[in-house]
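Required output: the full structure, derived from the provided sequences and hints.
Residue numbers (the working numbering), protein chains in the order written: chain U, 1 to 284; chain C, 1001 to 1197.
These aren't lab readings, by the way, just hints derived from the structure by calculation. There may be inaccurate statements among the hints.
What the hints assert, rightly or not - Here are some chain C residues the structure puts well away from chain U; computed CB gaps all over 10 angstroms: (1) Pro1066; (2) Ile1082; (3) Val1093; (4) Trp1171.
As the list claims (entries may be wrong) - Within a straight-line C-alpha distance of at most 16 angstroms, the following computed EDC-like cross-link-like pairs (lysine to aspartate or glutamate) qualify: (5) Lys128/U x Glu1054/C; (6) Lys102/U x Asp1071/C; (7) Lys1057/C x Asp83/U.
All C-beta atoms in this analysis are idealised placements derived from N, C-alpha and C, irrespective of residue type, glycine included.
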Amino acid sequence: MNAIALNHICKSFGSFAIRDLTLEVPEGTICGLVGENGAGKSTTIRLLMNALRPDGGSAAVLGVDTASPEFQAVKEDVGVVLDEAYFPEVLSAAQVGRVMAKTYRRWDGDQFRQYLDRFELPEKKPFKDYSRGMRMKLAIAVALSHAPRLLVLDEATAGLDPIVRDQVLDIFSDFTRQEDHSILISSHILSDLEKLCDYIAFLHQGKLLFCEEKDALLERYAIFAGTADQAESLDPAAVVGREDRSYGGVRCLVRRDDVPATLMLERPTVEDVILFLAKGVKLG
Amino acid sequence: MKALLLKDFYVLWKQMRYFLLVILVFSALPGGYNMVFAVTYAALLPYSCVAYDERSKWDQLAAMMPYSVRDLVLSRYALGWIGGAGACLVSLVLQTAFSLAFHRAAAPAALLAAFFACVSTLAITLPLIFRFGVERGRLIMFLIIFLVCGSTGALSGIAESASNALPAAVWLVVPVSLVLTAVSVPLSMRWYARRSR
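So, in structure tokens, the structure goes:
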């Protein structure tokens, strides 16, 4: 079963539109949603959670159509962290916990307190006095404390220091040890996604350019680094993106299967693939 | 809906202390206008909550949680009703105490009429707040103030002048407020859903 299935979703806001978005995240996997600012990542998440009504297409989460009345109950199984933690400013973490205990049927107060301890969040301090990192940690603690089967994370690690970010990524990774647990995470920190994700989905100007297994993606593409003359000798159809260096060298993202096997190539990072593709969108 | 009311209670807690003080002061002052004002003032509580929620963008987070549109809308009405009823109760207790201490006449029927005036005010103004939001609803806030002052003045006049006319006023304001609420809640739900999507 797919944890998430978006089927030909369209949503227009005039100058910006999500166009024919089809995306599937299999159960038990982690999918990273990548894209430039304004590419439509947050809009996709709002459409997915039925917080926005699509102009066309359909969406299903954990096998339930998001437009159906049954989806209300499915939200119990989904932990969401948005790009900001939008809790009322005057509430403390302890009060947030008490409100959530009446919101979610499977709210685990002990687990919530454990996360507060682990993230070193003061229980009595008002939310407005938290730093951005503390706010995001509180949002993550809430999302994890009601026994969700799916986590939907929109820039959830933004604002966290590297040590806490690493800790949080470990928590997310542990979360998917249970085979029916899944995560959709959007982030600009591509190294985090490379570490965490099974699938990478690339959204560019409201259109999904690809969604595929991270390992397959990194196998398909390679980095060629050489001189301009060497780069010119490559089959143009094999070159996905090219970057001229100031010292005269050239770096290209190439399709591994379309260049001679004898050519010296480097394994790309997810960041390499995304940056080259974002600059010169050329997929085949 | 309990979760949303609890959240609103926490949000308003600091303000509630001032609100209780206002009820205390206005109920202690002689004259029907003052204690009726305290009750109708309770109708403004949900607007404070909507303003706080808009500032923290709570609605965006709430849309991701298992709250129905019905819960999100009804909790605002319920907050106003609870605030109005609470103000009535406190005012009644104070009036009774003052009537015993200073031989001043209590006016429970005027309080009842004030409560239903508060319900009517909520029924008229909440759909507009759900439709336009607090920021764009400044004109609506003027309408609220006008309604509060108008109903308060009218009710105090009734309370002070004709004790016979008061039950009739209560009988009038009760069905009017119920009909208004029956129309208002579905309209608010429709406008809230449309605005948030």
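Tell me, which hint numbers fail for this structure? Hint check: 1 fails alone, others pass.
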